[in-house]
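Asks: Listed below are the residues making up each chain.
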Amino acid sequence: MADMQQLYDAVLNGDANLARSVTEKAIEDGFPPKDLLDSYMIPAMDEVGRLFEEDEYFVPELLISARAMKSALEILRPLLAEGGVEPVGKVAIGTVKGDLHDIGKNLVAAMLEGGGFEVIDLGVDVGPEKFIAAVKEKGVQVVAMSALLTTTMPSMKTTLQEIQAAGIRDQVKVMVGGAPVTERYASEIGADAYSDNASAAVTIARSFVNG
Amino acid sequence: MKSRERVRRTLEFENPDRPPFELWVLPWTHLHYPEELEEIQKSFPSDFAGPPLEYRQKPATQGNPHRIGSYVDEWGCEFTNIQDGVIGEVKTPLILDWEQDVEKVHFPREWLTFDRGLVNEFCRSTDLYVRAGCCPRPFEQLQFLRGTENLYMDLADPPKEFQQFLNKMHSFYCELLEEWAKTEVDSVMIMDDWGAQKSLLISPRSWRQLFKPLYKDYIDIAHSRGKTVFMHSDGHILGIIPDLIELGLDALNSQVFCMGLDRLAAFKGQITFWGEIDRQRLLPEGSLQEIRQAVSDFHQALYDSGGVIAQCEFGLAAKPQNVREVFKAWRDNFSL
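Read top to bottom, the protein sequences are chains A and B. Residue numbering for the first sequence follows the numbering used here, beginning at 1 and increasing consecutively. Residue numbering for the second sequence follows the numbering used here, beginning at 1 and increasing consecutively.
Simulated from the structure, these hints should not be mistaken for lab results. Incorrect hints may have been included.
[Stated by the list, open to error] Quick list of in silico lysine-lysine cross-link-like pairs, DSS-like style, CA-CA up to 25 Å:
1) LYS157/A to LYS319/B
2) LYS168/B to LYS212/B
3) LYS42/B to LYS212/B
4) LYS104/B to LYS168/B
5) LYS104/B to LYS91/B
6) LYS138/A to LYS34/A
7) LYS104/B to LYS70/A
8) LYS130/A to LYS168/B
9) LYS182/B to LYS216/B
[Unchecked claim] Just a few of them, taken from the derived set where beta-carbon distance is under 7 Å, the chain A residues facing chain B:
10) LEU51
11) ASP55
12) PHE58
13) VAL59
14) ILE64
15) ILE103
16) LEU149
17) THR151
18) PRO154
19) PRO180
20) ASP196
21) ALA200
22) ILE204
23) SER207
[To be verified] Computed spacing ranges between beta-carbons, pair by pair:
24) GLU74/B to VAL85/A: 29 to 39 Å
25) PRO242/B to THR158/A: 53 to 63 Å
26) LEU96/B to ASN13/A: 18 to 28 Å
27) GLU137/A to GLN41/B: 49 to 59 Å
28) GLU56/A to SER296/B: 30 to 40 Å
Built from N, CA and C at the ideal position, the CB exists for glycine as well.
With these hints in hand, go ahead and build the complete structure from the sequences.
Replies: Below, the structure is given as structure tokens:
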């Protein structure tokens, strides 16, 4: 019988091989995929987020935990889909038009995925039309925008205006982040939230989808 | 007081007439504010200079790092850029596999062929404080070579090939610094961004294990030849400042407003604070009064018979009038 505490520990400690093998064993043993996700993997990533916010984990630890989570999710995802299990929510994330930086965006995407969200990663240099298409065509509930340059921050405002003009502003919550972005700027451009780190972004996204 | 003497006294906390001035300028600024920049540079001349650089063997770069398009750096890393005036991003790192790809890296030994005579001639001809024309940056160069996320995951559990490569890179940087330390420059510079907005990027334990010994060697090489060492590191790096002081670093350029002046005051008199003024919010958005207040707060918190360099960056979206006000405020603070 698979030891489920091992799955929690594998994600927490960033051991991708162990996470995969324990998940495979658990499925063989008949554990429901949703239980693995909800009872072990997401709580492990929540703990990673807590440790990150308390300066006990740093970017390397966060990334290897996300990698371990991903390796287990690759096994679970088709089974969850077969069973009609829905993700916690859907997020479209991207670095805004004119900006190629992606480490911050990738960290947030990894933590959101670890938090049980379906993440549609639109990449870098993402124009408003791609965010809008994700809302209209994929039904995302949250748009997350990142910018590293002061000069590309205005693309966040433009994207929000375009989302408004497309008539879908009330269908989606918008969160922003990145080195030059501030709470004040987020408020000025009409974003729903600002996050200064990847872990807090998960908490905010959960609050959006939980109403 | 001449610049070289002003900087020396600043670094040794021996009451210079005022903090030395230094304005950092991004290529973006030359494109957007050429006239304003010229006026500021004329009104508040820098106390620092870099020597002219001529290489017997030209470093093998391709393209312009600050123009839209592709640029290949001295190590062979290809940057993609979609905005004029800033540096691009490496999208396909050279080292995807430590076992197979290390040979693709070009160690820029051309840097060792700089014209030492020309450098020395310049140092003798100027009263400015001269910093060497090299800048070891092991962590950042590793990111360009390996890819940022790959490197971070390597750091969580470093493979032996990583450590071997780091040792090789470090030996090269030491050789480069040895060469520069033989010249008549006053100082050398090193850099690596170690901070995120609220914390270090990697654990202090990893940093002490993997990178602190490298910086120790760089600082020791410079000091053994009577050169001072200046370091730039962006982000919230409070957790390693005591280590940098312990290593004997002379001057640190960091985002002091990101960390908080009150927290940094504990290190006053132990290291020189080489600027800056908040370029995330104040320089782009602040009022002149806020700028003057920031300079005053900086002065109060960190000046100790020296130990402060009036430095800021005229970079992306900074208002020219705010940059000018930084230097005006520093000058006013030290006017009789």
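Asks: Give a verdict on every hint.
Replies: Here is what the structure says about each hint:
no. : hint                             : result
1   : LYS157/A to LYS319/B             : holds, 20 Å
2   : LYS168/B to LYS212/B             : holds, 16 Å
3   : LYS42/B to LYS212/B              : violated, 39 Å
4   : LYS104/B to LYS168/B             : holds, 14 Å
5   : LYS104/B to LYS91/B              : holds, 16 Å
6   : LYS138/A to LYS34/A              : holds, 22 Å
7   : LYS104/B to LYS70/A              : violated, 30 Å
8   : LYS130/A to LYS168/B             : violated, 44 Å
9   : LYS182/B to LYS216/B             : holds, 18 Å
10  : LEU51                            : violated, 11 Å
11  : ASP55                            : holds, 5 Å
12  : PHE58                            : holds, 5 Å
13  : VAL59                            : holds, 5 Å
14  : ILE64                            : holds, 5 Å
15  : ILE103                           : holds, 5 Å
16  : LEU149                           : holds, 6 Å
17  : THR151                           : holds, 5 Å
18  : PRO154                           : violated, 9 Å
19  : PRO180                           : holds, 5 Å
20  : ASP196                           : holds, 5 Å
21  : ALA200                           : violated, 10 Å
22  : ILE204                           : violated, 16 Å
23  : SER207                           : violated, 20 Å
24  : GLU74/B to VAL85/A: 29 to 39 Å   : violated, 51 Å
25  : PRO242/B to THR158/A: 53 to 63 Å : violated, 44 Å
26  : LEU96/B to ASN13/A: 18 to 28 Å   : holds, 25 Å
27  : GLU137/A to GLN41/B: 49 to 59 Å  : holds, 52 Å
28  : GLU56/A to SER296/B: 30 to 40 Å  : holds, 37 Å
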